[in-house]
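Please put together the full structure from these sequences, using the hints given.
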Amino acid sequence: MTESSTPLSDTTDATGPGGPVLAYTTLRETARSRSLIDHIAASASLYAMLIPTFLLLALFCLVPFVIAIWRSFQEYEVGGTAKFVGLANYREYLFHDYTFLQSFGNMIFLTLFAVICVMIVPLIVAKLIFSLTSERASYIYRILFLIPIIVPNVAIFLIWRGVIYGDDGLLNLVSRALHLPLPAHGWFSTPSTVLWAIAFIGFPFAGGINILIYYAGLTSIPDSVHEAAELDGAIGLRKFFTIDVPMVMSQIKLLVMLTIIGGVQAFEGVYILTGGGPGFRSLVPGLWMYDNAFKFQRMGYACAIGVILFLLILALTIFNMRYFRSAEQLQGQTR
Amino acid sequence: MLGLWALWPPPEGKSQARLGSAPSTQPANVKYVIKFNPGPLYLPGVVPENSDKPIEGIAKVGKAFEALYPDTKIEFIGVPGDVREWLVTSLSSGEAPDVVQINVEDVWQDIQKHWYLPLDKYYDSPNPFAKPGAPGSVKWWDMFKYPIPTRGTMAPDGHMYCITLDMIETGIFYNKTLFKKLGLHEPKNWSEFIQIQKVIKEHGITPTVIDRQSLADWGVDLTFYQIYEPLRDLMDLNYDPKRGEYMHGYLDWDELIFLHDKGFFTPADPRWQEVWRILKEWRPYLSQDLNPIGTDFMQQFVTQKAAMLWGHSMMVSRLVNDPNLGFEWGLFYLPPITKEYSRFATGVDQCVIGGSAMQYTVTNHAWSDSPNDPDKSERLKRVIAFLQFLTTPENCDKVVNEQIALLPNIKGVEPHKELMKFDEILQRHYAMTKWFFTFDNQWDEVLMRELELFLNDGIDREDFVRVLEKDLERTTKRITERKDLDIDRFQKVWDERAKMRKQFSGLPNDGK
Amino acid sequence: MKQKRSDIFIHLILLTILGLTLLPFVFVINNSFRRTNEQYHSFFGVPESASNLVRFTWFKLTGQPDRIELRIMPERKDGKAQTVRAADVPMTRISYGEAMSNCWHELYKGFVYAWQVFRPFMINSLIVSISSAFGVVLVSSISAYVFARYRFPGHRALFFVIISFMMIPWVLTLVPSFLWVKTLGLINSYWVLILPYIAGGQIIAIFLFKGFFEGLPEELFESARLDGAGHFAQYWNIVVPLSKQIMAVVVIVNILGTWNNFLWPLIANPDQKFSVVSTGLYYLSQTQAAGNGDKSTMFAAYVIASIPLLVLFIYATKPFMTGVTAGAFKA
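Protein chains in written order, with my numbering: chain A, 1 to 335; chain B, 1 to 512; chain C, 1 to 331.
Hint data in this document are derived by calculation from the structure and do not stem from the laboratory. There's no promise every hint is true.
Unchecked claim - If you want the ones that stay clear, here's a sample from chain C, every Cβ over 12 Å from chain A, calculated:
#, residue
1, Pro90
2, His105
3, Leu126
4, Ser189
5, Asp271
Unchecked claim - For lysine-lysine, the following BS3-like pairs were computed, each having C-alpha atoms within a straight-line distance of at most 25 Å:
#, chain 1, residue 1, chain 2, residue 2
6, A, Lys295, B, Lys483
7, B, Lys411, B, Lys421
8, A, Lys295, C, Lys182
9, B, Lys113, A, Lys83
10, B, Lys280, B, Lys188
11, B, Lys60, C, Lys273
Unchecked claim - Derived DEER-like restraints, expressed as beta-carbon distance ranges:
#, chain 1, residue 1, chain 2, residue 2, range
12, B, Tyr239, A, Leu173, 56 to 62 Å
13, C, Pro241, A, Lys239, 37 to 43 Å
14, B, Gln304, A, Trp196, 27 to 33 Å
15, C, Pro241, A, Leu94, 51 to 57 Å
16, B, Gly94, C, Ile29, 42 to 48 Å
17, A, Lys239, B, Lys305, 52 to 58 Å
18, A, Ser192, B, Val33, 51 to 57 Å
19, C, Pro241, A, Tyr323, 35 to 41 Å
20, A, Ala184, B, Gly158, 44 to 50 Å
21, A, Ile120, B, Asp457, 32 to 38 Å
22, A, Ile37, B, Ser368, 53 to 59 Å
Using N, Cα and C, we set each Cβ at its ideal position, and we do this for glycine too.
The following block contains the structure:
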């Protein structure tokens, strides 16, 4: 620790558009005139502290990823020979694969649905818990809503298919009792219901950690803000939308980001429930990648699909960060 | 606290009841630890449903073998054999167990990679554990009771890669009580079969239940056999004497590809269209949902919501062990399709579609002590010896007959009496080909998915056949490349059969 | 008074949502007590053994001991299948005590078998999950501290590089990862699970720690610096003592992620010596798929596999909730 003197100031980007979420006005300023090389040298001990993280990432995440990218330019099957084919895999997937459009449509639907759910339901539940007068009741609710996170995902899918969507499942029992029309070939096999059936697994989407995250956001709103709003005559729903929602924007942003990242590559549910059927009506790109890698023996092609998905997630995340940042700045102005 | 909990002794001292055998705490003299995956059915420690006793048959056989070979220990382990990523990664790295239960069709996908050991020469030599004069004392092959479906595991390259200890067969379970009530009897032909189902449906009961994969697999192959059987001698271009002895007229992938090039199995082939017409006409009598995720077919049958269940021998034990079953059940096989029902059919008996159940394949790990020359491997000798030991009648009986599920494939071992009907079915002629499994897995997926969509009125027959044609085109091209097949060699035989083709009407391209 | 009434309304809504959320789990627990053939006849229902326990006790109390009867299956011959049709076995009258022990056994049977399968795997799961959670906390809190409290050339780029690793689809790297760890000579060990779990788990953890560390008051650090404390000393003396709760959050989030992961342990450790609980769960579900598994065992297995997490939760809920509430979850 030779450089004990320099917590570095924000020379690189504090001035740029969209600085860090928190303002670092309290960090000590140092001379801006020092050159970049000096800065790097001065930060040597900081870089050293990052070594474990980057070493692990390089070893167990980067190397396999680079291998996968390299494979995506080959016609390759595990244990077999590899042949360099350039961009042929990418071209085939983007322009000639008959599942491409359908599966991307399905993925967008499922991801959007999940994003909307994660934005709305847990927030409302959190708000309801937050507005309880009894501290103890609020605590108990928070614990109870956490229970679902200890159950493995696979179990949840299996339970849902049996309990809810099964032939004698709750859904059919209720529908029959109310004389509602049932899908012609079961919930997972009728083309018009299959995507909705998959999307609704986990209804009412309230279980898990999300409620706590929103709850945390709500508790961090200072009482003065609420009081000021009430003086302005904002009550009920209006208060919720003008005060609460903007104030938890950074939580929403995080959850949306995580949901998109998970949603684009998710395929477990589809894999367990329909395998992508009937036809390809519920196929998602992640499952097609999995199928190609392990069932169809086309590792190279699967890698190409994976790289495309990676790029898509990357783009969406950057977009998400920028879009929500502007929303936040807007909130900063109104504050 | 958690640690304490995990260390707590197992209840009631049944410490051997666990999945697989205990990890090796072997004495010092053990030189070879052989890992053997017996498949999920025989894995020691598995508790069969409605039973109080964990499976232990094969573990006993292992113990007996270890007594004969003190330098060897057999470990039984569970593997995710149906998870292809496991299979592929562990085999490519040589980390797989020495013997694995894998579906033979999965083996076929990778035969060119030398992951598996061809067992032909062992089949042709004596089994040292066979009693003198008994089957197997000259050739191991002679011990196997159902040679036809056993040969069915032969790979298209002409080698046998697995040992089959037992057989599975399909059949239609039916509700005898209900049949009696409605005055129905076992159908003798397809028209009767449809008629029966019509009656049942009118009574508000689902006539037959079967899942989409079995339909794409068994359903397609049986219907195909009924329609194409008369053309068998014309279509069988490559007579393989070894296999032909048991499976006359079986079509391998190269033959199918050649015939496809000639217009068979395309929209221009009226017989091909006929196969799909027949399946579609059956559809109204099947369960609403063909996806086993949405419907538990066994439950439908047991609760009498469905009158018939096209199932397999492993389902028998469920019915036997169910104290709440409110009806008598029986079993019949699918009836033949006659000329009245389809102009291409002749009413020939339906063929066998089942076959080897547990298929034990020797992997590259077995000769890991001599990777370049399996013949010099001491390990491999013990692996083979254990397989030979396992196939003696006493040991086969111990393993297979511990449950009512499969039929022993070793001469001199009787199946359970509840399974005798399947024994009859297994004596039939073997299927002409297996559309599901023969090509790559992508074709299987497309066939199953699109068939489901077609049967559920998602697309019409024209579109369906066109989709199939597109993927058949793709898969045949890929197989030809990957397996380096010589398709053109059939041209000569094909030309010689020009006269024969004249006898048949309705051939694609007028039989040119 | 008005406040109270709206509270009741809120309670009603919350209880409805809660009920819907927890409903599936009630079925899992219920079905873990029901024999396979019961489950074939209906998906719902009171476990027969449980209802028998109540019924027989009622018969005993009301003086009708002759109505206590059960279907006792004959002893199976060693190594042979049960060949008597269960439906043909008549009901036998037995004593109250016998009937009770019989029913109790039926009731918890699934748990006994599931536990026998899981027992050897449980320790492995604990070792792997706990050490990787510990590793994640250690590695990621240091990095997060650096990112949260310092500005240095490339800090944004480096942080984004870390985050972007989250976006690599895991299927994509499954096979390359396996072949790579094999080259490293790690397979068939705890390391092959722990190290990649730390590598992957630290990403979200850095995210969480960073959010929390940014909120720590600058004055603390300033005074430490005046005393001549280095970067690491500041981390160790100021950050660590203040971060117990957020660490609880990271530990829990991490253990949740690793406990139920089954594909990687399955592939990376072919030797069962290192198998984990989720792998056992997979083997059990496989015997189900093969058609001979006991259904109650399967459901009991789900329950048992979740118990360690439940215990963890009971102990860690409080710091966990304060940790989350401290507001680390934001972007």
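Hint by hint, here is what the structure shows:
1. Pro90: holds, 30 Å
2. His105: holds, 25 Å
3. Leu126: Non-interface label stands for Leu126 of chain C: nearest chain A Cβ at 15 Å, farther than 12 Å.
4. Ser189: The assertion about Ser189 of chain C holds, with a minimum of 14 Å to chain A.
5. Asp271: holds, 20 Å
6. A:Lys295 x B:Lys483: Measuring from Cα to Cα gives roughly 17 Å; hence the hint holds.
7. B:Lys411 x B:Lys421: holds, 17 Å
8. A:Lys295 x C:Lys182: holds, 22 Å
9. B:Lys113 x A:Lys83: holds, 16 Å
10. B:Lys280 x B:Lys188: holds, 21 Å
11. B:Lys60 x C:Lys273: holds, 22 Å
12. B:Tyr239 x A:Leu173: 56 to 62 Å: holds, 58 Å
13. C:Pro241 x A:Lys239: 37 to 43 Å: The hinted range 37 to 43 Å holds for Pro241 of chain C and Lys239 of chain A, with Cβ atoms some 38 Å apart.
14. B:Gln304 x A:Trp196: 27 to 33 Å: Once the Cβ atoms are compared, 31 Å apart, the range 27 to 33 Å for Trp196 of chain A and Gln304 of chain B holds.
15. C:Pro241 x A:Leu94: 51 to 57 Å: holds, 53 Å
16. B:Gly94 x C:Ile29: 42 to 48 Å: Between Gly94 of chain B and Ile29 of chain C, where Cβ atoms are some 43 Å apart, the hint holds.
17. A:Lys239 x B:Lys305: 52 to 58 Å: holds, 54 Å
18. A:Ser192 x B:Val33: 51 to 57 Å: holds, 55 Å
19. C:Pro241 x A:Tyr323: 35 to 41 Å: holds, 38 Å
20. A:Ala184 x B:Gly158: 44 to 50 Å: holds, 47 Å
21. A:Ile120 x B:Asp457: 32 to 38 Å: holds, 36 Å
22. A:Ile37 x B:Ser368: 53 to 59 Å: holds, 54 Å
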